[in-house]
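**Q** Here is how the chains run, residue by residue.
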Amino acid sequence: MLDAVGVDSEEALFDIPDPVRFDGTFDIPARNEQAVRREVGRRLDRTDDLTEFLGRGHYAHYVPSLVDDIARRQEFLTSYTQYQPEVAQGFLQALFEYQSLLVELTGLDVANCSMYDAATALGEAATLSRRVRSVSGERVLVPENLREGKRATLDQYARGPGLTVETYPTESGTADVEGLREAIDDDVSMVYAESPTVRGAIEERLGEIGEMTDDHDALSVLGSDPVALALLERPADVGADVIVGEADVLGLGRAYGMGLGLFVTREDYLRQVPGRLVGAGEDASGRRAYTLTLQTREQHIRKERATSNICTNQAWLALRAAVHAALLGPDGLVDLAEECVRLPRDLAARLTEIPGIQAPVSGRHHFREFQAHTDQPARAVASDLEAEGYAVHVVDEHRIQVCVTDVNAHAVNGFVAAMQEVA
Amino acid sequence: MDDDATADDEVRADGGRDGPAEGARDDAADPAREYSTYDQARWSQDGVYEPLVAEKDVTRVEIGDAGEESSSGDDSDSPLPDELTRDSLELPGLAEPAVARHYVRLSEMNYGVESGPFPLGSCTMKYNPKFTEELAGRPSAAVHPDRSDRSVQGVLGVMYGLQDYLARIGGMDAVTLQPPAGAAGEFTGIQIARAYHEDSGENRTEVIVPESAHGTNFATAAMVGFDVVELPSDEDGRVDLSALREAVGEDTAALMLTNPNTLGLFERDIEEIAEIVHDAGGLLYYDGANLNALLGRARPGDMGFDVMHYNVHKTFATPHGGGGPGAGPVGVTGELAPYLPTPHVRKAPEEEGGDYERYEPERSIGKVHGFEGNWLVCLKAYAYIARLGDAGLADASAKAVLNANYLASQIDYEIPYGPFHHEFVASAGDADAADVAKRMLDYGVHPPTTKWPETVPEALMTEPTEVESMDSLDDLAAAFSAVASEDEATVAAAPERTAARRIDQVAAARSPRLSWQALDTQN
Numbered sequence: 001m002l003d004a005v006g007v008d009s010e011e012a013l014f015d016i017p018d019p020v021r022f023d024g025t026f027d028i029p030a031r032n033e034q035a036v037r038r039e040v041g042r043r044l045d046r047t048d049d050l051t052e053f054l055g056r057g058h059y060a061h062y063v064p065s066l067v068d069d070i071a072r073r074q075e076f077l078t079s080y081t082q083y084q085p086e087v088a089q090g091f092l093q094a095l096f097e098y099q100s101l102l103v104e105l106t107g108l109d110v111a112n113c114s115m116y117d118a119a120t121a122l123g124e125a126a127t128l129s130r131r132v133r134s135v136s137g138e139r140v141l142v143p144e145n146l147r148e149g150k151r152a153t154l155d156q157y158a159r160g161p162g163l164t165v166e167t168y169p170t171e172s173g174t175a176d177v178e179g180l181r182e183a184i185d186d187d188v189s190m191v192y193a194e195s196p197t198v199r200g201a202i203e204e205r206l207g208e209i210g211e212m213t214d215d216h217d218a219l220s221v222l223g224s225d226p227v228a229l230a231l232l233e234r235p236a237d238v239g240a241d242v243i244v245g246e247a248d249v250l251g252l253g254r255a256y257g258m259g260l261g262l263f264v265t266r267e268d269y270l271r272q273v274p275g276r277l278v279g280a281g282e283d284a285s286g287r288r289a290y291t292l293t294l295q296t297r298e299q300h301i302r303k304e305r306a307t308s309n310i311c312t313n314q315a316w317l318a319l320r321a322a323v324h325a326a327l328l329g330p331d332g333l334v335d336l337a338e339e340c341v342r343l344p345r346d347l348a349a350r351l352t353e354i355p356g357i358q359a360p361v362s363g364r365h366h367f368r369e370f371q372a373h374t375d376q377p378a379r380a381v382a383s384d385l386e387a388e389g390y391a392v393h394v395v396d397e398h399r400i401q402v403c404v405t406d407v408n409a410h411a412v413n414g415f416v417a418a419m420q421e422v423a
Numbered sequence: 001m002d003d004d005a006t007a008d009d010e011v012r013a014d015g016g017r018d019g020p021a022e023g024a025r026d027d028a029a030d031p032a033r034e035y036s037t038y039d040q041a042r043w044s045q046d047g048v049y050e051p052l053v054a055e056k057d058v059t060r061v062e063i064g065d066a067g068e069e070s071s072s073g074d075d076s077d078s079p080l081p082d083e084l085t086r087d088s089l090e091l092p093g094l095a096e097p098a099v100a101r102h103y104v105r106l107s108e109m110n111y112g113v114e115s116g117p118f119p120l121g122s123c124t125m126k127y128n129p130k131f132t133e134e135l136a137g138r139p140s141a142a143v144h145p146d147r148s149d150r151s152v153q154g155v156l157g158v159m160y161g162l163q164d165y166l167a168r169i170g171g172m173d174a175v176t177l178q179p180p181a182g183a184a185g186e187f188t189g190i191q192i193a194r195a196y197h198e199d200s201g202e203n204r205t206e207v208i209v210p211e212s213a214h215g216t217n218f219a220t221a222a223m224v225g226f227d228v229v230e231l232p233s234d235e236d237g238r239v240d241l242s243a244l245r246e247a248v249g250e251d252t253a254a255l256m257l258t259n260p261n262t263l264g265l266f267e268r269d270i271e272e273i274a275e276i277v278h279d280a281g282g283l284l285y286y287d288g289a290n291l292n293a294l295l296g297r298a299r300p301g302d303m304g305f306d307v308m309h310y311n312v313h314k315t316f317a318t319p320h321g322g323g324g325p326g327a328g329p330v331g332v333t334g335e336l337a338p339y340l341p342t343p344h345v346r347k348a349p350e351e352e353g354g355d356y357e358r359y360e361p362e363r364s365i366g367k368v369h370g371f372e373g374n375w376l377v378c379l380k381a382y383a384y385i386a387r388l389g390d391a392g393l394a395d396a397s398a399k400a401v402l403n404a405n406y407l408a409s410q411i412d413y414e415i416p417y418g419p420f421h422h423e424f425v426a427s428a429g430d431a432d433a434a435d436v437a438k439r440m441l442d443y444g445v446h447p448p449t450t451k452w453p454e455t456v457p458e459a460l461m462t463e464p465t466e467v468e469s470m471d472s473l474d475d476l477a478a479a480f481s482a483v484a485s486e487d488e489a490t491v492a493a494a495p496e497r498t499a500a501r502r503i504d505q506v507a508a509a510r511s512p513r514l515s516w517q518a519l520d521t522q523n
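Chains A and B, in that order, are what the protein sequence lines are.
First residue of the first sequence: 1, per our numbering; consecutive thereafter.
First residue of the second sequence: 1, per our numbering; consecutive thereafter.
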């Protein structure tokens, strides 16, 4: 090969001026595969084996084995963005099916495939509110109990387009609608609400929030997830303009916060949507075929006038979510969602019988999780629980948050017993 | 990487090429080399390819009061009042074997790195080692980020280890793993530049981007709120120093640069470029898309870059997954380290136990991801770097550059700019690059990135990476040659052996149908 190129060594091919040549070493020893597996595996296993009752935006449901099996097929795992659709029909169709799943769940028309996570999807929704002509204003309203990481990410996205993020009050874990009415005016470009909220409460007045937002010509953005949406009110029926959230509740499970950003909106905003869209078209044989479409919105065509800078996204996780949803079917999805209502209700009822614990702290319906008051300092309770092998959230001096789904339901008895010990 | 959606419908303006006989070249290493062909699986039924999952079954589930009609009778007492639930849900309901078969068929209609060469310029499509998947699948990696630091020492230890590896490889002082993709890394880096200038009491409003840069650079600068100043190249395809001198000034917040640039050329004047930008008070941003060319041979930090991102799904072999997830860690100099996103991982002094812990950097820009980024992707990158070590990383860049140069020596198309490194940009000349790409699909190879950068007419941007052998490079060259020798009509009608024939992307964009629900209403 060197002969064909006409050089003596590979080094001769590097056109790097001497002053910037690196002649040092990284001090990273090479290891064989077995050694790396052992070494990294051992390092990972320094993490304690705790049973997690954790949620607040990052959830786990059981992921059937078939999801891994399909997703790890090299044709899916190692392929690139579908710039040559003729040779990538399989992935495109899976993404088209993922988009369709979200259309059914939300009742809105256009789902992209995908954003990084719920927080960045929320940030993109805010910038969308700036681009949409029917919307004016520079203030974005979010609930005061918004998860900190989501808020901080939204602030980051809001800065460039000159939006100001402000909060409206909440009451018992959901929106204080009267408080929101006082906070909103015509300078508001977007109102964000969640159901379930970060505390696991199901928002009961989404319709009123949507209507009020519409009255002020602002974008109504709702945070949710595909499991919750299988049971809760359809976003289209409560006036939502954009749905964001974590779609990784299907297909992924725990991944230290790695997510799959959901982004669904009305057809009116189609040309302002960020990220990838798969559309159906026809090939030269007249048969239906799929392709990335409306790419003139995107950075590689539109550059600084693109709707977003997003390029690499979470496509493989969208495939995983689609396979998981197909396995569950509508019955399985609804059953899972109903379990997400029953499990926390039952657990709260058991915890509140323990002296020193009151649960849940609000009278709302809950989904997957709820908050509990602890007479003991919450930090001490959580720390003692950790010693017993369980992890919960500390949200306040005397308040913890507990999340229970199909993946940790089997551990509820032990958890309740541990709570009796530490409360 | 950057096909234009309209490219397919452009009419070729020229006649055919007078190329050599198919599958053979006079000066090729193996003159008798035959090209490969590829017949992709094509499932077809009732005039469509593999039917949609919704065309196989639709099941409607009633919720709430109406639930009495549903099959599972004991669910009629829904756990929620009716006014809080939807009325019904209508989705496909298939048995597991049917689901398995559906997705296996779809996978058969998709081309991956293990199917054949995948020389997409600027995308660095390497082989993805399997053992990294095994590590990412370990139960101890599947944890929640809200746990206490002391209970997730394994995760924090790997994150700290990767921060450290990447800092050494890039010549940077500190690294964050939070950005979930390359573009998110750019967003992070440019937000850091903005915060840095604001702290210095300066209102700098412009980011300079070379005309041949990735589209994300322009889009990122705009998203952060900067005006974009486009910088022309000189006739050698590199940064035009006099144009740069004219472009910089008191408004300059940063110059975003890829090195080697998108033509594969090393910016030889990098020291002078850094001096010009720094003298004007701006920062130098390194786009890590092409870092694979430099591993162990040059480091952005040594070239004067202040902030950079790494594309771990390119340089460090984590799978592209049909578009993601990737990860875009950002490295900075010590001066910028206080601005990194929160939380950042550090190691406590040994006398305090030596635990890994998360903390908020002093002047943190805040967050760019709801949690701490694409952890499982970072884990795979860490394992890859540990496997290769110094020697393997340097060997990767040596082979990547040799492979690009060898492949270039074996193809007919003109390559106007050099000396190039890990990638080259050939011109399809009178032919339409998009057509050439479509025809290459029939020869069992993925085509190069087409029609970009625009500095080369009908660009074929080609990056074979280090993973191709001489044999597969010869195969790739034979595919180029075979297409070059074919008549215009054949090339324009391609592909013919792929699952789908040429797709009319313009028509698809004109009447967007983005879900199976949209097919129902419009047919």
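Rather than coming from a laboratory, the hints here were simulated on the basis of the structure.
Among the clues, some could well be false.
[Unchecked claim] Here's a subset of chain B near chain A, in silico, CB distances under 10 Å, partners left out:
id	residue
1	Ala141
2	Ser233
3	Arg297
[What the hints assert, rightly or not] If you want the ones that stay clear, here's a sample from chain A, every Cβ over 12 Å from chain B, calculated:
id	residue
4	Asp23
5	Asn145
6	Arg181
7	Ile184
8	Glu211
9	Asp237
10	Gly239
11	Thr296
12	Ala315
13	Gln376
14	His398
15	Gln420
16	Val422
Treat the numbers as computed from the prediction; the structure is a model and nothing was measured.
Where a beta carbon is used, it is the ideal one built from N, C-alpha and C, also for glycine.
**Q** Next, verify each hint and record whether it holds.
**A** Hints versus structure:
1. Ala141: Given a least distance of 6 Å, the restraint on Ala141 (chain B) holds.
2. Ser233: violated, 16 Å
3. Arg297: Holds. Min distance 6 Å.
4. Asp23: violated, 9 Å
5. Asn145: For Asn145 (chain A), whose nearest Cβ neighbour in chain B is about 15 Å away, the distance exceeds 12 Å, so it holds.
6. Arg181: Fine: 21 Å to the nearest Cβ keeps Arg181 (chain A) off the interface.
7. Ile184: holds, 23 Å
8. Glu211: Answer for Glu211 (chain A): holds, closest chain B Cβ roughly 15 Å.
9. Asp237: About 7 Å separates Asp237 (chain A) from the closest Cβ of chain B, which leaves it inside 12 Å; violated.
10. Gly239: The claim stands: Gly239 (chain A) keeps its Cβ more than 12 Å from every Cβ of chain B (closest is about 15 Å).
11. Thr296: For Thr296 (chain A), whose nearest Cβ neighbour in chain B is about 6 Å away, the distance does not exceed 12 Å, so it is violated.
12. Ala315: violated, 3 Å
13. Gln376: holds, 17 Å
14. His398: The claim stands: His398 (chain A) keeps its Cβ more than 12 Å from every Cβ of chain B (closest is about 18 Å).
15. Gln420: holds, 22 Å
16. Val422: holds, 15 Å
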